[in-house]
Amino acid sequence: MKHESIEINAGLLIILTLVVVSIGGLVEIVPLFHIKDTVEEVKGVRPYTPLEQRGRDLYIREGCYACHSQMIRPFRDEMLRYGHYSLAAESKYDHPFQWASKRTGPDIARLGGKYSDEWHTQHLIRPQNVVPESIMPPYPWLLKNELAYGDIENRMKALKMTGVPYSLSEDEYQANVAEHGKEMADKLHIPNARATLEAEANGRNLDGDKSRITEMDAMVAYLQALGTMVDFKQYEQGYFANFR
Amino acid sequence: MANPANKNSKQVETTGHVWDDDLREYSNPLPSWWLWTFYATIVFSVVYWILYPAWPIGKSFTRGIATVTVEENGQMVEKPWNSRTQLIEEMQSSPSAVKQREYIEKVGKASYEEILANPDMMAFARSMAKGYFGDYCAACHGSGGQGNLPYFPNLADDDWLWGGKVDHLQASINNGRKGNMPAFPVQGEAMDDLATYVLSLSGEQVDAAAAERGKKGYAMCMGCHGAEGKGNPMLGAANLTDKAWSVINIPAAGSLEEKKRLIGGVVNKGIQREMPAFASRLKPEEIKMLTVYVHELGGGQ
Ligand code: HEC
Ligand code: HEC
Ligand code: HEC
Numbered sequence: 239m240k241h242e243s244i245e246i247n248a249g250l251l252i253i254l255t256l257v258v259v260s261i262g263g264l265v266e267i268v269p270l271f272h273i274k275d276t277v278e279e280v281k282g283v284r285p286y287t288p289l290e291q292r293g294r295d296l297y298i299r300e301g302c303y304a305c306h307s308q309m310i311r312p313f314r315d316e317m318l319r320y321g322h323y324s325l326a327a328e329s330k331y332d333h334p335f336q337w338a339s340k341r342t343g344p345d346i347a348r349l350g351g352k353y354s355d356e357w358h359t360q361h362l363i364r365p366q367n368v369v370p371e372s373i374m375p376p377y378p379w380l381l382k383n384e385l386a387y388g389d390i391e392n393r394m395k396a397l398k399m400t401g402v403p404y405s406l407s408e409d410e411y412q413a414n415v416a417e418h419g420k421e422m423a424d425k426l427h428i429p430n431a432r433a434t435l436e437a438e439a440n441g442r443n444l445d446g447d448k449s450r451i452t453e454m455d456a457m458v459a460y461l462q463a464l465g466t467m468v469d470f471k472q473y474e475q476g477y478f479a480n481f482r
Numbered sequence: 067m068a069n070p071a072n073k074n075s076k077q078v079e080t081t082g083h084v085w086d087d088d089l090r091e092y093s094n095p096l097p098s099w100w101l102w103t104f105y106a107t108i109v110f111s112v113v114y115w116i117l118y119p120a121w122p123i124g125k126s127f128t129r130g131i132a133t134v135t136v137e138e139n140g141q142m143v144e145k146p147w148n149s150r151t152q153l154i155e156e157m158q159s160s161p162s163a164v165k166q167r168e169y170i171e172k173v174g175k176a177s178y179e180e181i182l183a184n185p186d187m188m189a190f191a192r193s194m195a196k197g198y199f200g201d202y203c204a205a206c207h208g209s210g211g212q213g214n215l216p217y218f219p220n221l222a223d224d225d226w227l228w229g230g231k232v233d234h235l236q237a238s239i240n241n242g243r244k245g246n247m248p249a250f251p252v253q254g255e256a257m258d259d260l261a262t263y264v265l266s267l268s269g270e271q272v273d274a275a276a277a278e279r280g281k282k283g284y285a286m287c288m289g290c291h292g293a294e295g296k297g298n299p300m301l302g303a304a305n306l307t308d309k310a311w312s313v314i315n316i317p318a319a320g321s322l323e324e325k326k327r328l329i330g331g332v333v334n335k336g337i338q339r340e341m342p343a344f345a346s347r348l349k350p351e352e353i354k355m356l357t358v359y360v361h362e363l364g365g366g367q
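Top line first, the protein sequences correspond to chains D and G.
Here the first sequence stands for residues 239 to 482, numbered as in this note's numbering.
Here the second sequence stands for residues 67 to 367, numbered as in this note's numbering.
Simulated from the structure, these hints should not be mistaken for laboratory data.
In this text, a Cβ means the ideal position worked out from N, Cα and C, and glycines have one as well.
Check the hints yourself; a few may be wrong.
[Said to hold, decoys possible] Here are a few chain G residues that face chain D, going by a calculated C-beta distance under 10 Å:
id, residue
1, Val-78
2, Thr-81
3, Asp-88
4, Tyr-92
5, Trp-121
6, Thr-135
7, Asn-139
8, Ser-209
9, Asn-214
10, Gly-242
11, Arg-279
12, Ala-343
The following block holds chain D by itself, in its conformation from the complex (with noise of 0.2 Å):
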């Protein structure tokens, strides 16, 4: 083909500059759903119980990520700031991952135990509450509004489908019984959604009221679990190095 009879006909350019660039992607992309040999194996990551999953619904409907990233970098600076340095593996069930990109306020990579729950809900009120300087926007209305949690179900075996091992047969569960424990288990288990949420939420007292479940309960059940799965303690330095 005469490279004229390219340049004169736009279908055909269109077309085949298409299939020259999907080329440079493909090659970029698809690999990545092959290596396994850069997601850590690690112990303790879990998917979120059905309140923090919630939580995190709720994440994304504010924006938060807009100001926040979830992705301390192997740098020596964030280390001494922030904590270790985010493995892939911990968000191996994030469907959407949370990484962002923009850091207006710090990263939350390591949130959970570093603040008490009071201290989520006061901040996420009004954040000049606890943090004068700060220029967080307020979110008073996660404390005001019910939480709406009854397709919670749905939600779960929506993300079962992407691979997150939310459990719905017997086997399943025994499955995530010998991974996690048997407590933890039962909060993965798609039939029991309603119950341990509402469990959780009542039990913990998140937002210093009990009488209601509230956007805050999950909002702050989210925040405190974030980075805390894994044991940071039970592993050498140079483990996590044998996959990069």
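Since the structure of chain D is already known, use the hints to place chain G with the ligands on it.
What follows is chain G with the ligands alone, placed relative to chain D:
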């Protein structure tokens, strides 16, 4: 129609393509600096593939031949280069890390008395801990440790719920603290009298007769706050006889009524506060430096 090629005095060859009757395209060669830069990037990428992790193969990938020397179990070993081994090397042997570690080890080995008596170690601990405090504590206790009542106590005064000696402070930071006072359903006149009595303990100007009446009600508070109201650092029960308040902000209250209302509030609602534990988040040396820092903030006990 004029021939556009004739308009240009320099006779440059065109590609020979003609669009819309008279549109032609010059066939200039690429500038040589551009061309050589392009070849150089190709050479660069080949070198890069050989040295660093690059090509996917099946479930794995080429790791490259570049190496990083790191210490593992007391021995220096060569590891394939990647961002993580490079980080290990930097944490182990970058000049700032080496310098810092030398001091951190010194502080880690020293006792609190030695650190407090040594201006050099104090200066180091202060500058390091100021950073940790900003990252981990300031969101609650304020950037200067001034606190934020009623939620978070002031650390910059010499009044402590759980004790102000280094051992107490270290325990507070390591294990966290749960401040817990139950609620008491005291109402009306009885509450007013009780609040008056509590205020009298710290020398507020109040009606002596009412305070005397309130003393009876105070019996149920004694188990924690002590017969004289001096508090109990084992329980984190506040000292009610000093002018430093760590839950309710009495000094900021305008009137006596307002002060009584604040006391009534904590008695009726109780207090539940939580300081998170930091033992699993921070290293022992970091906690040590923070302890010294907080000790100094509070004036040192
Ligand atoms: C406009 C940008 C912005 C948005 C949007 C935002 N934040 Fe923030 N956030 C900040 C800034 C700035 C800080 C640091 C000051 C502070 O602590 O308030 C911060 C701090 C925080 C912290 C404390 C982190 C730490 O380690 O000290 C948490 C937790 C947090 N934000 C959660 C959220 C959540 C949850 C949302 C969504 C509901 C959100 N943020 C939305 C800017 C933002
Ligand atoms: C989530 C909020 C929060 C964070 C973060 C926090 N604290 Fe606290 N801290 C508290 C609360 C609340 C108390 C009071 C506990 C009580 O009521 O007895 C407290 C008490 C203390 C005490 C005991 C005070 C006393 O009077 O005995 C010390 C010491 C202390 N904190 C130091 C620190 C240090 C150092 C850090 C950072 C490593 C830190 N705190 C981080 C909330 C926090
Ligand atoms: C079970 C032990 C306990 C009992 C009983 C108790 N308190 Fe307390 N009280 C505490 C503790 C602990 C704190 C500090 C709470 C904290 O730091 O989170 C406190 C704090 C207070 C404060 C706030 C002090 C400040 O510095 O801001 C007042 C006022 C107070 N108590 C009054 C009373 C009165 C009045 C009674 C009796 C009706 C009483 N308390 C009974 C444990 C107790």
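When the structure is checked against the list of hints, which entries are broken? Sort them ascending.
Failing hints, ascending: 1, 3, 4, 6, 11.
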